[in-house]
Amino acid sequence: MKASLLVTLCPTRKVQAQFLADQFSIPIVDGSHLAFAKPREIEGFVRSHVKPNHSEPCFVFLQYKQGLALAQVAEDNLLSVRADFSSSTVNYRRQKGGGKGQMIAKAIGLNSTTAPHVYDATAGLGGDSFVLASLGCSVTMTERVPEVNALLADGLRVAHEWGSEKDQSLVAILKRMTLVESDAAEYMQTLDDVEKPEVVYLDPMFPQRKKSTQVKKEMQVFHQLIGTDSDADLLLKIAQESAQKRVVVKRPRIAPFLAGQEPNYLLEGKSNRFDVYLSH
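The numbering of the sequence shown is the numbering used here, which starts it at 455 and goes up by one.
Hint data in this document are derived by calculation from the structure and do not stem from the laboratory.
All of these numbers come straight from a predicted model, not from anything done at the bench.
C-beta atoms are modelled at their ideal positions from N, C-alpha and C, and glycine is treated no differently.
Certain hints may be false.
Said to hold, decoys possible - Cut-off 30 Å, straight-line C-alpha distance, at most; resulting in silico cross-link-like pairs (BS3-like, lysine-lysine):
1) K650 x K704
2) K650 x K691
3) K554 x K629
4) K554 x K620
5) K629 x K519
6) K560 x K519
7) K554 x K724
8) K550 x K560
What the hints assert, rightly or not - Pair by pair, the computed Cβ-Cβ distance ranges are:
9) S566 x F490: 46 to 56 Å
10) V648 x H503: 47 to 57 Å
11) M557 x S733: 17 to 27 Å
Using the sequences provided together with the hints, build the complete structure.
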């Protein structure tokens, strides 16, 4: 399922919006008169241009002044997501989030003397990559879904603009994050021994739980847009051939191991766990 429309809600972002619409070969609608409107008014405007049905929601890009969002427009709701690296919520987590004591930091082998180069093969909206970069790691990211890749690229751009004006420490973090437009498997197979990362990080999509109220808004949108990563087992094999030191797989706590392969060890939280496969 793909985005079918772009609505621009910011007069000063029309050039970027047109470039994106051309990239995805989708029509663009000028909603800049709603730049300061309430969410309900914007939703009404979007619904006047798309007609979702019961079985298939529509996906619409929304170009705000503060960045690009992707909205899932269903018959009974509208959910939107965007890549965010500069809001007060993100800044608070960066400053108070537990530092190197976080499970993800332990899983990738981060310690007081080591900040490994991490390749995030399934970057999504870049949340985990940002955490690792904020802890000192250099992170290369790929995201093969074009719509999500566009959100991530725009989120990095917006954050860099904001950081350049208000927070140079954020700019330093963003400089450690590199987005490569590629399929993960193809990218890893092009790397020579010198280019191979120390750690490959995988967070493949897992089948949606029946109780959708338990699933975060971001995941609801992703499940509809992406489905599941049916090649996740193969991706683990390629990752193990590409990682110099380890592969880390983020999984729901009750999920089976990828490819039925038991990790060397795992770190388990309340809802998620990290399966760690050490390179031999």
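Verification of the hints:
For the hint linking K650 to K704, the alpha-carbon distance of about 20 Å falls within 30 Å, and the restraint holds. Distance check on the hinted pair: K650 and K691 sit about 15 Å apart at the alpha-carbon level, within 30 Å; holds. At roughly 20 Å between alpha-carbon atoms, K554 and K629 fall within 30 Å of each other, so this suggested pair holds. At roughly 25 Å between alpha-carbon atoms, K554 and K620 fall within 30 Å of each other, so this suggested pair holds.
For the proposed pair K629 and K519, the alpha carbon gap of about 23 Å is at most 30 Å, so the pair holds. Pair hint K560 plus K519 does not hold up; C-alpha atoms about 37 Å apart against a cutoff of 30 Å. Straight-line distance between C-alpha atoms of K554 and K724 comes to about 19 Å, which keeps the hinted pair within the 30 Å bound. Proximity of K550 to K560 is assessed by CA-CA distance (about 17 Å); at most 30 Å being required, the pair is judged to hold.
Take S566 and F490: their Cβ atoms lie about 48 Å apart, and the range 46 to 56 Å holds. Distance hint for V648 and H503: a CB-CB separation of about 50 Å, consistent with the stated range 47 to 57 Å. Distance hint for M557 and S733: a CB-CB separation of about 20 Å, consistent with the stated range 17 to 27 Å.
Of the numbered hints stated above, the single one contradicted by the structure is hint 6.
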